[in-house]
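Combine the two chains into a complex, taking the hints into account.
Chains as they are written, first to last, in our numbering: chain B, 1 to 374; chain H, 1 to 417.
Simulated from the structure, these hints should not be mistaken for laboratory data. Certain hints may be false.
[As the list claims (entries may be wrong)] Short, incomplete list of chain B residues facing chain H, as computed with Cβ under 7 Å:
| no. | residue |
| --- | --- |
| 1 | F3 |
| 2 | A271 |
| 3 | S272 |
| 4 | A281 |
| 5 | K284 |
| 6 | E288 |
| 7 | A289 |
| 8 | A293 |
| 9 | A316 |
| 10 | R365 |
| 11 | Y374 |
Idealized CB from N, CA, C, for every residue including glycine.
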Amino acid sequence: MRFDLSDDQEFFRETARRFIESEVPVSVVREWHDLPDGCPPSWWQAAAELGWTSLMVPESLGGGSISGRPVVDLTIVADEMGRGVTPGPFMPTNVVADTLGRSGSSDQQALLEGVLAGEVVLGWAFCEPGGDWSAAHVAAEAAPANGGYVLTGTKTAVEAGAQAHHLLVTAQSPDGLAQFLLPADTEGLTITPQESLDLGRRFAEVRLDGVAVGSDALVGQPGSAAEADVERQRQVMVVLQCADNAGSAAKVLEFTVEYAFDRYSFGRPLASYQALKHRFADMKLWSEASQAAVDGAADALADGGDEVRMVSVAKAYVGDHSVELMHDCVQMHGGIGVTYEHDLHLYLRRATVNRGLFGTPGDHRVCLSKMMGY
Amino acid sequence: MDDFVYAETDPAELARYQEEVQTWMNENMPRRDPVNPWHPTQDDDERSSRNRELQRRLYDGGYAAVCYPKEYGGQSLTAAHQKIIDDVSMDFDMPILFSVPTLSICGPVILEFGTEEQKQRYIPAWIRGDELWVQFISEPSGGSDMAGALTRADRDGEEFIINGSKIWSTFAQRSDYALMLARTNWEVPKHRGLTMFIVPIHHPGIEIHPIQMVDRTEEFCQEFFNDVIIPAENVVGEVDDGWTVASRLLFHERAAVGNASPYTQGRHRNRTADGVEDLASIARDHGGADIGRHRQRLGYMETLSRVEDLLSARVVKGIEGGFLPAPAGSLVRLFHGLSRTERQTVAMEMQGDRALVWNQGEDTGAFGTEYVQRQQSCIGGGTTEMARNIISERILGMPREPAADRDLPFNQVPRSG
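Isolated chain H (complex conformation) (with noise of 0.2 Å):
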């Protein structure tokens, strides 16, 4: 499996779902919060809770994860209906937290990977609401080099015992489980001696400690590991093979990330063409005197995100047609990389003098805040220069980065400290 099927849908039958989603999500779903769409104010307990509420209402109503297998929970329809979905709910608060990593990330790969046994376990908790996952991938001794990962399980019987520490992990303290790549055997080379398994969150020995970001908000995790058993029935796929499964998890990352994945459910509230028509509102109000410059910037971040949509489209059509390889999806995300960091610079110097110094009780200093860690979007999810590597050797054909460490043992790798 290269890439997702979209299945042709009758047209009149969409129009008729569109109907019946639109008068459903009226009926049922609150509406956002259009004076602060921006910066939810909640905290994250309330917007844990708040969030396995909204995606309980989804499944009440049928609407939840859509694209799921039936048995699993979910209503076996195609790409075009969750597409409808997410259409019409721009203008619902929706359950973003389930959206990624959990539906779209961790969940397809429990899908192509998981036994029988996990997918009845697991999928349906999600799909209602109760259970929310994160993925326990990257480590405090290097982001990129995912394969070279150093959390160990170490085999005793019928259960694995964990040690080391995770990095990264988006909203951890109030999930409740973890999708966990740790090394199983130190004797062969990096690829070869990992394994994936499904880890609760809490757990005895498992530390979590919140990171406070630029912005003060404490979204990601570090995890430390402590002598955790973890039962043998939670390894994903076979053991020492967890890169297959990473990579298809990778895929799967950069699918959600890329727009392209019919598993995201709903929208982020942070969509480009919505910071559009922010940034011209911000413009009318605080724009000033310099309406020349700032009418390049506007049409500038309207065209980006224009082009942004449909670059999406198009690669998903060129992967679907076989004109571009699976490894395409980097292009969209080096391009939202990139304009993602000018938005938030231009939102920064509309804003004036208001995004530096500010009256108390007014929020214009997040655009500041916002600007001053705009490289996050360069970095989180792959950063951009793993795409710019993806997209030169995997789909120009470029020669690989040399690696020191392709064949060597894992245990004679060397590394940093």
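Chain B on its own, in the form it takes in the complex (with noise of 0.2 Å):
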């Protein structure tokens, strides 16, 4: 949690939380993990009504942040879904709504109607296989044809995109990247659920077999101005990662110190052993610095200046640390840490995930390396 939050935004977060805590509590996590959509759509209604859908649309268009940093409001909500490990197609309809607020056309735009009222989920079909996340992976085809587009390729791991009713396809174009914006009924598209280690959110393959566009399916101009899109996507997509993970973690680390007092052996209680409180402290450290960092990113992003630089400290910090935090409470645990009863790999299992997608730790280091010339 930041430290400077405004009354406004406390009262956001404070009601995110309540609204968590009463809707979803773990158990019912638990029990929406058998559900194929992930969540009931009228619990997305109920948070999109809490204002999780309209913080990165603009006024003009019936959104509107609480604080005019918009990138920091979302992750307040990130940070305690992360604490929740709450499901819910969160990140790709926040972060498509924002590119279509600022780079769709006026018919893109009133879709946005639907998003704020969390009728219509986003999806971004962006990731190859085999790709690293950058936007030069991308090989996806985006063919010119009859005054359109005809669309060919795969990606995977699209969150949501079996739940979203359109999804933002980023594509390589003869005018460089390009990105459409399809109905996931349209003709050519097949969506198929894929499995994966978050048990609470959902992905899928998405094929693209000649799928014929018209120009106006195209968000924004192909080239410099897709790509500056892009990045943007990724960033934000990084920090509310990082915001969710470093959520979990403090999450995580508050219910194992209580475990710490609570759990007695040879007559006293583990937080009495100074080997394991030094590994508390570790913890901590870790805690805050992440928050730190993700805090640090999303000023960055809010304000402009250091934004690539810092969203990719945050990534390289927080992915690591909330991480290995997680492990570190599953060993002070003990075996109960390592069953499908306790919810510790529920944590884990989302933490490991957010690790991975758009770019692993080591990706972000590099990233760092060679932007100091090396």
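Written as structure tokens, this is what we have:
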């Protein structure tokens, strides 16, 4: 959690936490694992009513942020969702809505009304099998034909791909990178649900077999404009993943500290053993430093300037330390920590997926190194 | 007083101040040596006189220790003003020796506990660059157990007679005064029998022995006290209440080390963020064929360096806002120790064999030497183990380590040797 929330932001955060605790406690999260779509549509609409899908949408289109720094507000929700291992198409819907709000045509922006109501879910078809999450890896082809384009390629790990009503597809056109918004029922589009380590969120493979679209499906202009959009989408996605993992890590540490007070062995609470206290101190350090890294990246993204670097710094730090913290908390729990019954693995699964998608910490370290000219 | 007040200041005033400081520095302070920013080649005498002279220049310009009250030679300005000076002064040679412990640790202790006479006598002398202070706190019998001090101060009328030994004082041989913790009462538990004194260093009965470190520098000293006579007016705070003073001294030490003190002045040459740029140039020049591995490490060092700055800012904000308790400074201390040892490891490895065997006249061996003594940053200023105790006990609220000496009169406490 940030230490600089305004009263409005704090109210927003508290409302999100109460909503998650009352509507989706972890017992309900477990029940929803069996839902093919991951969560009931009526619940997502209730979440939308709280503003979870409106932060990135401009006021002129019916949305609005709490603080005037929408990315920062969005990380407040991501943090709370991480704490609750809360399902729902939160990340892709907001990331795509952000791009439609800035670069979409008026027809495309008309969809945002449904997004604000929680009735329209959006997905981003970006990564390709074996890809490295850079824009350069995109091989899906957008070939000009009949005044429009024909799209061919395969996308993987598309979050909410099978739930989304519209998909933003990133492809290569003769004019450079291009993005298209397609209704999910477009002919030639095959969407197949995938299995995921994360039991809460849903992922799909999206195949484009010669999908013919008009030029009105383009979101913004191919080339540098689309590249800028893709880069922004990538950055927002990574910051949300990191906020989600930092929230998860803080929560896991909280209940593990509690466990260390309650659990006695050899007549003493675990929390009284220096060997364990020192590990908890390291974990507290990782947790606070992770929050600091998320806040730094969100600030950079909101204010502009050094966002490319700070987003990679956040992923490189939080990606590794949040997950290691959780493994250590498993160790503190002992045998119960590696059972299906205990909630720890729900957090670890989700955090591991966030760690890997949109670049591993190692990938982001390489980016940082290159930024320093090496 | 559990933390500092960072007064809000008008942004227009700060912008004006920034310009003013920049202009003044350009005209009055020497530029840093860009060729050899890592390893000062001056000998100790040169370093001492150079620092005193630079401090005097700052004072004459009105930019020395600006957070100190005007009546003691400061400017009564805010932490925001000091930060502007620090940022601007990155490119200039600064009197870093005065920053820690004189101005940032000893200073606030005298401000808080000193008598009016002590404040008038000593504070202006630091700010003018006339007198440099050190801490006589640690003892050879144990560094972390500060309250277990064995150095004794026996009262004799209006004087105290000091006997014992202190260690790890920085640059004591070129300094003028010390804050010293000594035992004045052996019949009570350890925390209740200590007193803080102001001790003139070059004084009959005090012997100073420099300690040669792994890199052969002699920055730290051990002192021996043999019937040293100190007037009672040199007591800081109350007799037998030295632990109250020492606790605040520790607080200010953590703030200074954790980059959260308004009284530090100028930045150290080896700030980690600068260090990463230096690492990048080492990698470009000497990285060799193993690009993938070095990129990982360089990216990791950049990550640690940036996160360290963000964490410092978060901890300051957290303590100010009441989200974190004051001991949260230990988070920054722990992070710093770990990231610094990592940086020294990476720097050494990137140098390759040049850090291990080098041609005469080259200085790449310094990287090997720094690596060999890298644990220094996890020991000095309070060990990382003490930081972990503090974090687990005073932030997470876990049970304190059992202490066999807690309620025992000190003369009954078992000790080594």
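Hint validity - B/A293 Cβ closer than 7 Å to any chain H Cβ: Constraint on B/A293 satisfied, holds at 5 Å.
Interface restraint verdict for B/A289 against chain H (beta-carbon cut-off 7 Å): OK, holds: B/A289 within 7 Å of chain H, min 5 Å.
Residue hint B/A271, partner chain H, criterion CB-CB below 7 Å: holds (4 Å)
When the least beta-carbon distance from B/K284 to chain H is tested against 7 Å, hint result: holds (5 Å)
B/R365 as chain H interface residue, shortest Cβ-Cβ below 7 Å: At about 3 Å, which falls below the 7 Å cut-off, the nearest Cβ of chain H leaves the hint on B/R365 intact, so it holds.
Interface hint outcome for B/F3 [beta carbon to chain H under 7 Å]: Where the cut-off is 7 Å and the nearest Cβ of chain H is about 5 Å from B/F3, the hint holds.
Chain H contact restraint on B/Y374 - CB to CB distance below 7 Å: With a closest approach of 5 Å, the B/Y374 hint holds.
Satisfaction of the B/A316 interface hint, Cβ to chain H closer than 7 Å: holds (4 Å)
Hint status (Cβ of B/E288 to nearest Cβ of chain H, threshold 7 Å): With Cβ-Cβ at 6 Å, under 7 Å, it holds.
Hinted contact B/A281 with chain H - closest CB pair below 7 Å: Holds. Min distance 4 Å.
Minimum beta-carbon distance criterion (7 Å), B/S272 to chain H: holds (4 Å)
When each numbered hint is compared with the structure, no violation occurs for any of them.
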